[in-house]
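Engineer: Here are the chains, one letter per residue:
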Amino acid sequence: MTFVIAHAGHWLVTIAYFIPVIGFMAWLAVAQLRARRQRERPDSDRRPPG
Amino acid sequence: MTLPIAHGIAQRADLPITLGLFLFGSVVVLVVSFVALAVLWRRPLFEPYPWRPLSGFLSRVLSSRPVEILCGATGVALLGLVIYAGLKGQQTAAANFTPTFVYVIFWVGMVAASILFGDVYRAFNPWRAIGRAVAFVARLATRGELPPPLAYPRRLGYWPAATGLVAFTALELVNSTPDDPSTVAIATLVYSVLTFIGMALYGVDAWTTRGEAFSVYFNLFSRLAIFETREGVLGLRPPLAGLTRIQPGSGLVLVVAAMIGTVSFDGLSETGLWVDIGGALGDLFGSLGLSSETAFEVSNAVGLVAMVALVFALYRLGIAGMKILDERRPAGQLADWFVPSLVPIALAYVGAHYLTLLAFQGQAMTYLASDPLGEGADLFGTAEVGISYFMGARLIQWLWVALVVGGHVAALALAHDRALVVYRDEQDKVVPSQLWMLAVMILFTISALLLLLSSNA
Amino acid sequence: MSRNQRLGLIAAAVVVLVVAFVLIRPGEQEDPAPPKFKTTQPETQTAEAKPGPPPVPVVDMRDGKPAGGAKTFEFRPGDSARIDVRSNQPAEIHLHGYDIEKSVQPGKTTTVRFRADIDGIFELEDHDSDQELARIRVNPR
Numbered sequence: 001m002t003f004v005i006a007h008a009g010h011w012l013v014t015i016a017y018f019i020p021v022i023g024f025m026a027w028l029a030v031a032q033l034r035a036r037r038q039r040e041r042p043d044s045d046r047r048p049p050g
Numbered sequence: 051m052t053l054p055i056a057h058g059i060a061q062r063a064d065l066p067i068t069l070g071l072f073l074f075g076s077v078v079v080l081v082v083s084f085v086a087l088a089v090l091w092r093r094p095l096f097e098p099y100p101w102r103p104l105s106g107f108l109s110r111v112l113s114s115r116p117v118e119i120l121c122g123a124t125g126v127a128l129l130g131l132v133i134y135a136g137l138k139g140q141q142t143a144a145a146n147f148t149p150t151f152v153y154v155i156f157w158v159g160m161v162a163a164s165i166l167f168g169d170v171y172r173a174f175n176p177w178r179a180i181g182r183a184v185a186f187v188a189r190l191a192t193r194g195e196l197p198p199p200l201a202y203p204r205r206l207g208y209w210p211a212a213t214g215l216v217a218f219t220a221l222e223l224v225n226s227t228p229d230d231p232s233t234v235a236i237a238t239l240v241y242s243v244l245t246f247i248g249m250a251l252y253g254v255d256a257w258t259t260r261g262e263a264f265s266v267y268f269n270l271f272s273r274l275a276i277f278e279t280r281e282g283v284l285g286l287r288p289p290l291a292g293l294t295r296i297q298p299g300s301g302l303v304l305v306v307a308a309m310i311g312t313v314s315f316d317g318l319s320e321t322g323l324w325v326d327i328g329g330a331l332g333d334l335f336g337s338l339g340l341s342s343e344t345a346f347e348v349s350n351a352v353g354l355v356a357m358v359a360l361v362f363a364l365y366r367l368g369i370a371g372m373k374i375l376d377e378r379r380p381a382g383q384l385a386d387w388f389v390p391s392l393v394p395i396a397l398a399y400v401g402a403h404y405l406t407l408l409a410f411q412g413q414a415m416t417y418l419a420s421d422p423l424g425e426g427a428d429l430f431g432t433a434e435v436g437i438s439y440f441m442g443a444r445l446i447q448w449l450w451v452a453l454v455v456g457g458h459v460a461a462l463a464l465a466h467d468r469a470l471v472v473y474r475d476e477q478d479k480v481v482p483s484q485l486w487m488l489a490v491m492i493l494f495t496i497s498a499l500l501l502l503l504s505s506n507a
Numbered sequence: 508m509s510r511n512q513r514l515g516l517i518a519a520a521v522v523v524l525v526v527a528f529v530l531i532r533p534g535e536q537e538d539p540a541p542p543k544f545k546t547t548q549p550e551t552q553t554a555e556a557k558p559g560p561p562p563v564p565v566v567d568m569r570d571g572k573p574a575g576g577a578k579t580f581e582f583r584p585g586d587s588a589r590i591d592v593r594s595n596q597p598a599e600i601h602l603h604g605y606d607i608e609k610s611v612q613p614g615k616t617t618t619v620r621f622r623a624d625i626d627g628i629f630e631l632e633d634h635d636s637d638q639e640l641a642r643i644r645v646n647p648r
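Chains as they are written, first to last, in this note's numbering: chain A, 1 to 50; chain B, 51 to 507; chain C, 508 to 648.
Calculated directly from the structure, the hints in this document are not laboratory data. The beta-carbon is built from N, C-alpha and C at its ideal position, and this holds for glycine as well. Check before you lean on any hint, since a few could be wrong.
To be verified - Heads up, incomplete: computed chain B residues facing chain A, CB under 10 Å, no partners named:
{"#": "1", "residue": "Val77"}
{"#": "2", "residue": "Leu367"}
{"#": "3", "residue": "Gly368"}
{"#": "4", "residue": "Glu377"}
{"#": "5", "residue": "Met415"}
{"#": "6", "residue": "Thr416"}
{"#": "7", "residue": "Leu485"}
{"#": "8", "residue": "Leu488"}
{"#": "9", "residue": "Ser497"}
{"#": "10", "residue": "Leu499"}
Stated by the list, open to error - DEER-style ranges, computed between Cβ atoms:
{"#": "11", "chain 1": "A", "residue 1": "Ala26", "chain 2": "B", "residue 2": "Arg379", "range": "20 to 30 Å"}
{"#": "12", "chain 1": "B", "residue 1": "Val184", "chain 2": "C", "residue 2": "Glu608", "range": "17 to 27 Å"}
{"#": "13", "chain 1": "C", "residue 1": "Val563", "chain 2": "B", "residue 2": "Leu367", "range": "29 to 39 Å"}
{"#": "14", "chain 1": "B", "residue 1": "Leu239", "chain 2": "C", "residue 2": "Val563", "range": "48 to 58 Å"}
{"#": "15", "chain 1": "C", "residue 1": "Arg532", "chain 2": "B", "residue 2": "Gly456", "range": "16 to 26 Å"}
{"#": "16", "chain 1": "B", "residue 1": "Leu449", "chain 2": "A", "residue 2": "Phe18", "range": "17 to 27 Å"}
{"#": "17", "chain 1": "C", "residue 1": "Gly576", "chain 2": "B", "residue 2": "Glu434", "range": "28 to 38 Å"}
{"#": "18", "chain 1": "A", "residue 1": "Leu33", "chain 2": "B", "residue 2": "Ser438", "range": "52 to 62 Å"}
{"#": "19", "chain 1": "A", "residue 1": "Val30", "chain 2": "B", "residue 2": "Gly456", "range": "27 to 37 Å"}
Chain A with its partners taken away, still in its complex shape:
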């Protein structure tokens, strides 16, 4: 007997419920890392303050 999602069968379906959240966390990490790298780079990409 596998991890039954009542009547949906295989345990892979269980993993499917976590994919959106994991995906969200991955997107968040990428977005925030990119934002941090932009702040750290002291070059013309940055808008001047004010």
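Using the hints, position chains B and C against chain A.
Structural biologist: Chains B and C in isolation, oriented as in the chain A frame:
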């Protein structure tokens, strides 16, 4: 390996929720989270919080010394009965006072009492009562010249409490005969000895604040309640606010991870997935030469520790995410500051998983109190009273979903509030940091619903 | 975000939840089927519901263990449930929850009857050995 009927003393195991209820619950969690993000308030609501002393005869009586002594004496008497009945009474779990008292009335009932009435365990704690009594006598005997206890080491922190919690749940979940009355009685004796050693070394107050597993456990839940005593005066505070005043310390995150992880393992052990994984582990250990009973216990131990570690790791993953924005503060400190917001989620796990155990098996106390040793006594005339199954499965399942959603909302509110305090000088970090906590909480909440869907399926 | 916008958002959320409730129908029980048997062992087939009255659930104890493993017997709420128990050795059986105790003698069938009005999952066990004989599952209304 067949699935055990949950909690050998229970007469009835819960039905899993339907797929429809799971989906609806998940939708509610997601919609609520989305709305919460949009309506975030700007100033901390929970800290600092107002505390108003309660006037009146009842509140003065409840916080008085004689009542405290009475509660302590009651706790000690019950401790004695647990040990005596466990060792000397009939060794059938359902007929003996000890297993039901310890696993239902104490372990679950005291959580309910704590969230409703505040830190009542502090008054009933038998080890604290005995420790204080011994200290009192010792001070008299040495005419006030009692040597001071050792200073509680900062590095020790909440580690003894975390270990104690895992050890207690191991008694319940790893052991192949957890409901055996004498096993519970002996474990109680061992725990008493260890607790007295801790109190003797570091003092009763220091040990009950950091080291005594049940004090820490019930105290965390009691912080959701509206009742708080300051310097012997009973007062009122807003609900949940008490969670903002937890002292950070080494091992605090592990305590909360243990609270969630151990209940998760209890839920997991009732699913078909565990039949596969646990069975495979059991076969592995069996092939290494262990007896089938020992192999079963070792598999359970692995599962229990793995779930606590998994919860810990997921939370720390969220903190690592926060670290992307916040390079200044150490991860350990962030972890300590935000972990109190997980306590409502721990409550949702504990509440959903043990609700029926308390509501139904808890009623067994009526006949067990009359016949604690299972030998035919009838002290209160209630020895023949049966258990009434007054709640149907539908109502129970909606209550579970309500608990899970409620815990999630409370957790989000607390985490947001804490972020407002931590990042008061860096307002641009408040919302991005919260997205990490939100993701972690959604993981925990959906997992709770998944466990309810898959148990005994 | 202005107060009106917040209220609007909350109202929208409520609408979404109501729609979800109607579409997903979480209040319904999924299998309004006549009583059927499932085993907890993965190998055995599920017995198909036969036309005509469903067969009476039977537990066949051989030396204190249920033949074919402990099966799960499912009942609808309010059913007049009946389980027949046979054994090649004398035994005391106990149905938890409904709290029914009966003796089983070799050669004679013991019938356990009850009204399935408590929902949940209940164990039928051998009272002396604590051996699980069957699981009784009563679905909610």
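Engineer: For every hint, state whether the structure bears it out.
Structural biologist: Now for the hints, and whether the structure bears them out:
For B:Val77, the shortest C-beta to C-beta distance to chain A is roughly 12 Å, which exceeds 10 Å, and the interface hint is violated. Residue-level restraint check for B:Leu367 holds (minimum Cβ-Cβ distance to chain A is 8 Å; threshold 10 Å). A distance limit of 10 Å between C-beta atoms decides the matter here; for B:Gly368 the minimum to chain A is near 8 Å, and the interface restraint holds. Interface hint at B:Glu377: satisfied, since its Cβ lies 8 Å from the closest Cβ of chain A, which is below the 10 Å cut-off.
Contact between B:Met415 and chain A, as hinted, is not supported at the beta carbon level, the nearest pair being about 34 Å apart and thus beyond 10 Å. Using the Cβ-Cβ criterion of 10 Å, the hint placing B:Thr416 at the interface with chain A is not satisfied: the shortest such distance is roughly 35 Å. At about 6 Å, the closest approach between the beta carbon of B:Leu485 and any beta carbon in chain A falls short of 10 Å, and the interface hint on this residue holds. Hint status for B:Leu488 relative to chain A: holds, with the closest Cβ pair at about 9 Å, below 10 Å.
A hinted interface residue such as B:Ser497 counts as satisfied when its beta carbon comes closer than 10 Å to some beta carbon of chain A; here the least separation is about 8 Å, so the hint holds. Because the smallest distance between the Cβ of B:Leu499 and any Cβ of chain A comes to about 9 Å, under 10 Å, the interface hint for this residue holds. Take A:Ala26 and B:Arg379: their Cβ atoms lie about 23 Å apart, and the range 20 to 30 Å holds. A hinted range of 17 to 27 Å for the beta carbons of B:Val184 and C:Glu608 is inconsistent with their spacing of about 48 Å.
Under the hint 29 to 39 Å, the C-beta atoms of C:Val563 and B:Leu367, about 54 Å apart, miss the expected range. A C-beta distance of roughly 50 Å is found between B:Leu239 and C:Val563, which places it inside the suggested range of 48 to 58 Å. For the pair C:Arg532 and B:Gly456, the beta carbons lie near 23 Å from each other, so the given range of 16 to 26 Å is met. A beta carbon spacing of about 25 Å between B:Leu449 and A:Phe18 agrees with the range 17 to 27 Å that was offered as a hint.
Taking the beta carbon of each, C:Gly576 and B:Glu434 are about 35 Å apart, inside 28 to 38 Å as hinted. Checked against the hint of 52 to 62 Å, the C-beta distance between A:Leu33 and B:Ser438 comes to roughly 58 Å, which is consistent with it. Under the hint 27 to 37 Å, the C-beta atoms of A:Val30 and B:Gly456, about 33 Å apart, fit the expected range.
Checked against the numbered hints given earlier, this structure breaks hints 1, 5, 6, 12 and 13; the rest are met.
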